[in-house]
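Q: Given next are the chains, with one letter for each unit.
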Amino acid sequence: MNKNKRKQWRVFGLIFPSLFWLVVFFAIPLILVLAMSFGERGTYGGVIWNFNLENFARFFDFSDPLYLRIFGRTLYIAAITTLVSFLIGYPMAFWIASQPEKRRNSLLMMLMLPFWTNFLVRTYAWILILRDQGVINTIWAGHFHNAVVWLVAVLPGLPLDWLVQATSNPLPLFGTNLAIIIGLTYGWLPDMVLPCYAAIERFDGSLVEAAQDLYANRVQAFFRVIFPLTLPGVVAGSILVFIPSLGAYVTPDLLGGAKSVMIGNIIYSQFMSARDYPFGAAISFVLMALMLAGTLFYFRFTVAGQKGEPGHD
Amino acid sequence: MTKRLNPQAMKTPFRFKIGRYILTAHGLLSYVFLYAPIIILIIFSFNASKFVTGRWHGFTLIWYQKLFVDEAIGAALRNSLYISLVATFVSTIFGTMVSLAMERYNFWGKMPFDALLYLPIIIPDIAMAVMLLLFFVMVKIPLGKLTIIISHIAFDISFVAIVVRARLAQFDSALEEAAQDLYANNWKTFRYVTFPLLMPGILAGALLAFTLSLDDFVITFFTAGPGSSTLPLRIYSLVKLGVTPEINALSAVMLLASFLLVVLSVWLQKGGDGKVDFM
Amino acid sequence: MPDEFAVELINVAKQFDQVVAVDNVSLQIRDGEFFSLLGPSGCGKTTTLRMIGGFEMPTSGNVLIGGEIQGFKPPFQRPVNTVFQSYALFPHMTIFDNVAFGLQMKKVSKSEIKQRVNEMLELVQLSDVGRRKPNQLSGGQQQRIALARALINKPKVLLLDEPLGALDLKLRKAMQLELKALQQRVGITFIYVTHDQEEALTMSDRIAVMNQGKVLHLDTPEEIYEHPANRFVADFIGETNFMEGKVSQLNEERVFVAVDDQVPVPLLPTRDVQLGQVVTVAVRPEKLSVSAEKKREVDIPGTIDEVIYIGTDIRYIVRITEKTTLAVREQNRGGLSAQRFSIGDHIHIGWYARNASLLTE
Chain A
1 MNKNKRKQWR
11 VFGLIFPSLF
21 WLVVFFAIPL
31 ILVLAMSFGE
41 RGTYGGVIWN
51 FNLENFARFF
61 DFSDPLYLRI
71 FGRTLYIAAI
81 TTLVSFLIGY
91 PMAFWIASQP
101 EKRRNSLLMM
111 LMLPFWTNFL
121 VRTYAWILIL
131 RDQGVINTIW
141 AGHFHNAVVW
151 LVAVLPGLPL
161 DWLVQATSNP
171 LPLFGTNLAI
181 IIGLTYGWLP
191 DMVLPCYAAI
201 ERFDGSLVEA
211 AQDLYANRVQ
221 AFFRVIFPLT
231 LPGVVAGSIL
241 VFIPSLGAYV
251 TPDLLGGAKS
261 VMIGNIIYSQ
271 FMSARDYPFG
281 AAISFVLMAL
291 MLAGTLFYFR
301 FTVAGQKGEP
311 GHD
Chain B
1001 MTKRLNPQAM
1011 KTPFRFKIGR
1021 YILTAHGLLS
1031 YVFLYAPIII
1041 LIIFSFNASK
1051 FVTGRWHGFT
1061 LIWYQKLFVD
1071 EAIGAALRNS
1081 LYISLVATFV
1091 STIFGTMVSL
1101 AMERYNFWGK
1111 MPFDALLYLP
1121 IIIPDIAMAV
1131 MLLLFFVMVK
1141 IPLGKLTIII
1151 SHIAFDISFV
1161 AIVVRARLAQ
1171 FDSALEEAAQ
1181 DLYANNWKTF
1191 RYVTFPLLMP
1201 GILAGALLAF
1211 TLSLDDFVIT
1221 FFTAGPGSST
1231 LPLRIYSLVK
1241 LGVTPEINAL
1251 SAVMLLASFL
1261 LVVLSVWLQK
1271 GGDGKVDFM
Chain C
2001 MPDEFAVELI
2011 NVAKQFDQVV
2021 AVDNVSLQIR
2031 DGEFFSLLGP
2041 SGCGKTTTLR
2051 MIGGFEMPTS
2061 GNVLIGGEIQ
2071 GFKPPFQRPV
2081 NTVFQSYALF
2091 PHMTIFDNVA
2101 FGLQMKKVSK
2111 SEIKQRVNEM
2121 LELVQLSDVG
2131 RRKPNQLSGG
2141 QQQRIALARA
2151 LINKPKVLLL
2161 DEPLGALDLK
2171 LRKAMQLELK
2181 ALQQRVGITF
2191 IYVTHDQEEA
2201 LTMSDRIAVM
2211 NQGKVLHLDT
2221 PEEIYEHPAN
2231 RFVADFIGET
2241 NFMEGKVSQL
2251 NEERVFVAVD
2261 DQVPVPLLPT
2271 RDVQLGQVVT
2281 VAVRPEKLSV
2291 SAEKKREVDI
2301 PGTIDEVIYI
2311 GTDIRYIVRI
2321 TEKTTLAVRE
2331 QNRGGLSAQR
2341 FSIGDHIHIG
2351 WYARNASLLT
2361 E
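Chains as they are written, first to last, in this note's numbering: chain A, 1 to 313; chain B, 1001 to 1279; chain C, 2001 to 2361.
Keep in mind the hints are simulated off the structure, nothing from the lab. Using N, Cα and C, we set each Cβ at its ideal position, and we do this for glycine too. Any given hint could turn out to be false.
To be verified - Straight line, CA to CA, 25 Å or less: simulated DSS-like cross-link-like pairs of lysine-lysine:
| no. | chain 1 | residue 1 | chain 2 | residue 2 |
| --- | --- | --- | --- | --- |
| 1 | B | Lys1017 | A | Lys102 |
| 2 | A | Lys5 | B | Lys1188 |
| 3 | C | Lys2156 | C | Lys2110 |
| 4 | B | Lys1188 | A | Lys259 |
As the list claims (entries may be wrong) - Cβ-to-Cβ under 7 Å is the rule here; a few derived chain B residues that face chain A:
| no. | residue |
| --- | --- |
| 5 | Arg1055 |
| 6 | Ile1062 |
| 7 | Pro1120 |
| 8 | Met1254 |
Same shape as in the complex, but just chain A:
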């Protein structure tokens, strides 16, 4: 009896600091935002707490699809980023998994190393590369352009005028959706590779042999056996890339332009410049709902996926 009570106090003592912190500085602010998203902006920037759905109606307004368009673009950019990450990351994971053990570990280490560096710095590096005066365009509109011009001067007969034209202007990379997709892919690629790698690494190679033994060629063995069995890793990786891409703020802010604004940017402007807290809260609400849906899907899928597999131990 006494012992039980002491144990209860010990547990309480251990969790109390974190419980307190997470409730006061996480749960309450979270509820606050959710509540505020149903409020209304006051005349001087304050909040009027009258329950209504105005903010959401404004966001999902089909007659004036300003925000809906941004929402669509955000989904589009996040989806393409996820797809590109998969197309790069899955074969990469496959390659790493097929290396000898020692090299595998160094490759994983090298994969994670950039991931641990400052996200802002990594994004900034892409400014240097993609800008009009950046590395790519210095080569394209500079060195390559000069080379083409020289070539035309030396051999006037060459039909290269179109190339002289094309290289006389820098490629429009910076400030586009493409730049954001590159930046996000660069930022979150390891999040795709690692779960894929984990799934491929623990994959039982004799299953491929069994498939080949049963007359499946290499392509069939891949699509019928390897891919379905490593799909949970792909789903995990996709969620891990998709969610942060949806909520991206730094990448579109630094690499994007006026025509590639994402949800993260409008949340920022609602809070920092427009001072429309309820509307900003409503957009955050939408973002969190998407995130929650993704996370639930992730758990659903991975738990269901594990059921179909034999014990891995």
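For chain A, the structure is supplied; the task is to place chains B and C on it using the hints.
A: Just chains B and C, lined up with the frame of chain A:
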């Protein structure tokens, strides 16, 4: 017995090897993709041009010299270190305590608390930043270092807990039973057996928290006030004001610092059980 | 005529980096035969099987299946199927889909697939599990499904890589008989890899005993057990007493070996030996008997060193010279009342000369 997937196990004629060559080329190119921006950044931090261009104007250390005498950057660095150290210290203690409770005991409300503990990891930065800002404004805590530290602790606890709990989960409870069998009471068991064995995990958690705090931009950006600018905020404003070569030097220094931290953390974890856990 | 054989290996060798796994093996496996590759782990038996299946390619030599050279043909182009050690059932497919996989790959019509899968499931007595997933079956059931999945393709040869290794002893014994009966019913050549000598003896028509990449003895189970070709085979299969000595006397009917230069042991002249040559005498414990006085042709006096009661048998360890002891297995016929010897008793060990083997390597 399971076999590792080994596409090389079969020696096959050339036409079947093409796939492997493509796979290898793809793998190598992917690493080029990962490292090229970093290397370009470092190279251009030594570029003698006054403007940031893709053109090489010769080698110089002038941007590093400028960096080390820049008062604003010095102040930002001090802020960053102060905030990260305090946040790491507090969150490591809290996170370790809560891990012990979560892995060792069952209690009422454990499930929802577990969810609450994971939520700060999966919620988008921007959402967390916004709700903390709102909260601080509503309860009228002035924005500054204090609010940044509070916010950092709020997300660091979860990351520390994940790392420490992973360590605890692979902990052989027979070791503790052995200690108790050898007359150690609860406290002595913790002090002489559990804690030393847990130490690599705690250090790894602390390092993760420190790195995350040091690198955080979005949440810091929303919860910062006048005079509490951190290094990432400084970089951001420099980038926004117009790209100068000084940022290249600052970025290169920060990359180097991160690399050192990673090496340190790997070394620490290897000291534990030779196994490296990647986040 | 090479096409008499289901499988033929001609000077097949396999080298991994610096390690020679299979060293110039030549084998001929007859049609309809239950053929076992037996040996300790790492002896090259699995590699040999995998080269027949096409999962490994020989470094040199040829593999012929049904008289056809296989070359670099991948597994999916060979007329053989494999039952894997871990069964390798596809965990994401139902039992039905697992068994149907090979036919689907061969683009057999759906109705035929359905019919043949059902027949196959019936054959392995698991007609009602088609909708389940592999992990919902017991080990023994998974084993049968693996068998069904391979047999449904009507291969020329079925390759089995320690298929019973994961089962417990009782189930394994039952499955051994079942497998043998199944093989006789379907009439397909089975090539069976195992490290369990008892299993190989029970099931096989012929056995190839392998060690260090080489085939040391290839014959029927009886021949291998009764007349092992060399010391390794004698030692690996069953239990054997070894005695070393020089040939001391030779005539048409008998070879005499002076064990440890003192005890003369008569043997049948099954091998060409010279006077003075160092040879080994091998004789199995169950062929020996212990008695108070001389009883058999071969008779060696000795002292009981140890008596071990095993239940079905009584085991004596008898010292015959300074260096050599022999194990003797007497069946426990008499129970508690039977005469038994005790440690220190001076006794005679006897056996028939035809039951001992003369080994030169």
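Q: Check each numbered hint from earlier against the structure, then list the numbers of those it violates in ascending order.
A: 4 and 6
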